[in-house]
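Engineer: Chain residues, written in single-letter form:
2 protein chains.
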Amino acid sequence: MPIKEQISSIPLFEGLPGDQLEELSSIIVDLDYQSGQSIFSEGDEGAGFYVVVSGRVKIFKISADGKEQILHIFDHGEPFGEVAVFAGMHFPANAEAMERSRILYFPRDALVGLIQKDPFIALNMLAVLSRRLRGFAALIEDLSLKEVPGRLAAHLLFLSEQKKGSKDFELTITKGQLASLLGTIPETLSRILTKMSKQGLIESNGARIKILDRDALQDLAEGLAKI
Amino acid sequence: MPIKEQISSIPLFEGLPGDQLEELSSIIVDLDYQSGQSIFSEGDEGAGFYVVVSGRVKIFKISADGKEQILHIFDHGEPFGEVAVFAGMHFPANAEAMERSRILYFPRDALVGLIQKDPFIALNMLAVLSRRLRGFAALIEDLSLKEVPGRLAAHLLFLSEQKKGSKDFELTITKGQLASLLGTIPETLSRILTKMSKQGLIESNGARIKILDRDALQDLAEGLAKI
Numbered sequence: 001m002p003i004k005e006q007i008s009s010i011p012l013f014e015g016l017p018g019d020q021l022e023e024l025s026s027i028i029v030d031l032d033y034q035s036g037q038s039i040f041s042e043g044d045e046g047a048g049f050y051v052v053v054s055g056r057v058k059i060f061k062i063s064a065d066g067k068e069q070i071l072h073i074f075d076h077g078e079p080f081g082e083v084a085v086f087a088g089m090h091f092p093a094n095a096e097a098m099e100r101s102r103i104l105y106f107p108r109d110a111l112v113g114l115i116q117k118d119p120f121i122a123l124n125m126l127a128v129l130s131r132r133l134r135g136f137a138a139l140i141e142d143l144s145l146k147e148v149p150g151r152l153a154a155h156l157l158f159l160s161e162q163k164k165g166s167k168d169f170e171l172t173i174t175k176g177q178l179a180s181l182l183g184t185i186p187e188t189l190s191r192i193l194t195k196m197s198k199q200g201l202i203e204s205n206g207a208r209i210k211i212l213d214r215d216a217l218q219d220l221a222e223g224l225a226k227i
Numbered sequence: 001m002p003i004k005e006q007i008s009s010i011p012l013f014e015g016l017p018g019d020q021l022e023e024l025s026s027i028i029v030d031l032d033y034q035s036g037q038s039i040f041s042e043g044d045e046g047a048g049f050y051v052v053v054s055g056r057v058k059i060f061k062i063s064a065d066g067k068e069q070i071l072h073i074f075d076h077g078e079p080f081g082e083v084a085v086f087a088g089m090h091f092p093a094n095a096e097a098m099e100r101s102r103i104l105y106f107p108r109d110a111l112v113g114l115i116q117k118d119p120f121i122a123l124n125m126l127a128v129l130s131r132r133l134r135g136f137a138a139l140i141e142d143l144s145l146k147e148v149p150g151r152l153a154a155h156l157l158f159l160s161e162q163k164k165g166s167k168d169f170e171l172t173i174t175k176g177q178l179a180s181l182l183g184t185i186p187e188t189l190s191r192i193l194t195k196m197s198k199q200g201l202i203e204s205n206g207a208r209i210k211i212l213d214r215d216a217l218q219d220l221a222e223g224l225a226k227i
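Residue numbers (this note's numbering), protein chains in the order written: chain A, 1 to 227; chain B, 1 to 227.
Check the hints yourself; a few may be wrong.
[As the list claims (entries may be wrong)] Straight-line distance between alpha carbons at most 30 Å, and here's what the computed DSSO-like set of lysine-lysine pairs gives:
id: 1; chain 1: B; residue 1: 175; chain 2: A; residue 2: 4
id: 2; chain 1: B; residue 1: 167; chain 2: B; residue 2: 198
id: 3; chain 1: A; residue 1: 146; chain 2: B; residue 2: 67
id: 4; chain 1: A; residue 1: 175; chain 2: A; residue 2: 198
id: 5; chain 1: B; residue 1: 226; chain 2: A; residue 2: 146
The set of hints was computed from the structure by calculation and includes no laboratory data.
Owing to the predicted nature of the structure, the values given are computational and were not obtained by experimental measurement.
When you get a sec, could you build the whole thing from the sequences and use the hints?
Structural biologist: So, in structure tokens, the structure goes:
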């Protein structure tokens, strides 16, 4: 299969127009790794990122006592090293082929040249990533809408208790921190707060929370009700 | 607060170096919307994207019978319209301020000019988005590792049954489709397949699946075991 077809099915480039896939193809280095062969080492400069076409790659660190700790295993269609390369950082871990693997290499310098020549390549890649982010966010929302409202209700009741039962208080941490504490993302947390407000459970204004219906929050926290 | 400080706390730009925040600030238009004021309409050209500083914005469609259907509500720090703008598309829905709102506007043309002058702005934004994607993916994995292996085991047993109990068969849909069917993402699905293989439940090679331990899959499907 020609490289252009190969990369059109990679999520990172999904939906890029044909001429941009063509331009990207022109900078790719097609690599073949043997089982056990090192791809990069921790601390190496992020001079380019990789996409697995076939085979499997492990990303790992070596602990102080020499033990290998596998962080990820990547296979068909998955990019690796891209965060470090986009950010201009060194690789934070090692990569090694776990079996014979075909891997596409995208050199950073060539990518920068490409973007300079055609900024729309970067915009389209930003579009792909933002669309995936939106999709992931929706999925996280689906998954966490089952449990997060209850945990959030419990947290609000706890904060109120700490303020000697006051119904009017401020969140003590940022919404980003609160979201990660609850196992969700800020976007979902915002939406749950909005939903709680609409249903008359609370009033929410920035970090300020006012409890309007303590019983309903209690039911939510105990899993006796849903929103 | 100066605009540069404002945007440094927006997830989309988190961790961008100071000079790039400065460059971005120079193209921003600072807008003030009244409650109920329209920001853009479905079908408008995506000439720029928006970030909410304060207030709230609803994204909605109007159905054939004139009913408003709210798709999203965005507040502090959240971007909207960016997918359409990056992709060079028209807006797929309407946006309206739900209360008095301060909103930053990033014109697409100016952004393209900025990227042409300094491609590293685009690379850094790609880094931010890929880092967020990795974080979201880890969260989805956390959330779905509770349930997805069981559902996957049930699906594999079902496929085997369809093949009259054969232990060796091919997935009938792509891994992307299978992942979304199971409520997860391809990366997590890959990892679960790898884990099942390591534990000797199956052998997985591309779309080809071989069941090695039917009883263990059965236990997994029924929630009697975990991987």
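Engineer: Next step is simple, just say for each hint if it's right about the structure.
Structural biologist: Hints, one by one, checked against the model:
The suggested pairing of residue 175 of chain B with residue 4 of chain A holds, with an alpha-carbon distance near 21 Å, which does not exceed 30 Å. Restraint check: the Cα-Cα separation between residue 167 of chain B and residue 198 of chain B comes to about 17 Å, which is no more than 30 Å; the hinted pair holds. Straight-line distance between C-alpha atoms of residue 146 of chain A and residue 67 of chain B comes to about 28 Å, which keeps the hinted pair within the 30 Å bound. Distance restraint check for residue 175 of chain A and residue 198 of chain A: the Cα-Cα separation of roughly 19 Å lies within the 30 Å cut-off, and the hinted pair is therefore satisfied.
Simply put, residue 226 of chain B and residue 146 of chain A have alpha-carbon atoms about 21 Å apart, close enough for the 30 Å limit, and the pair holds.
Of the numbered hints given earlier, the model fails none.
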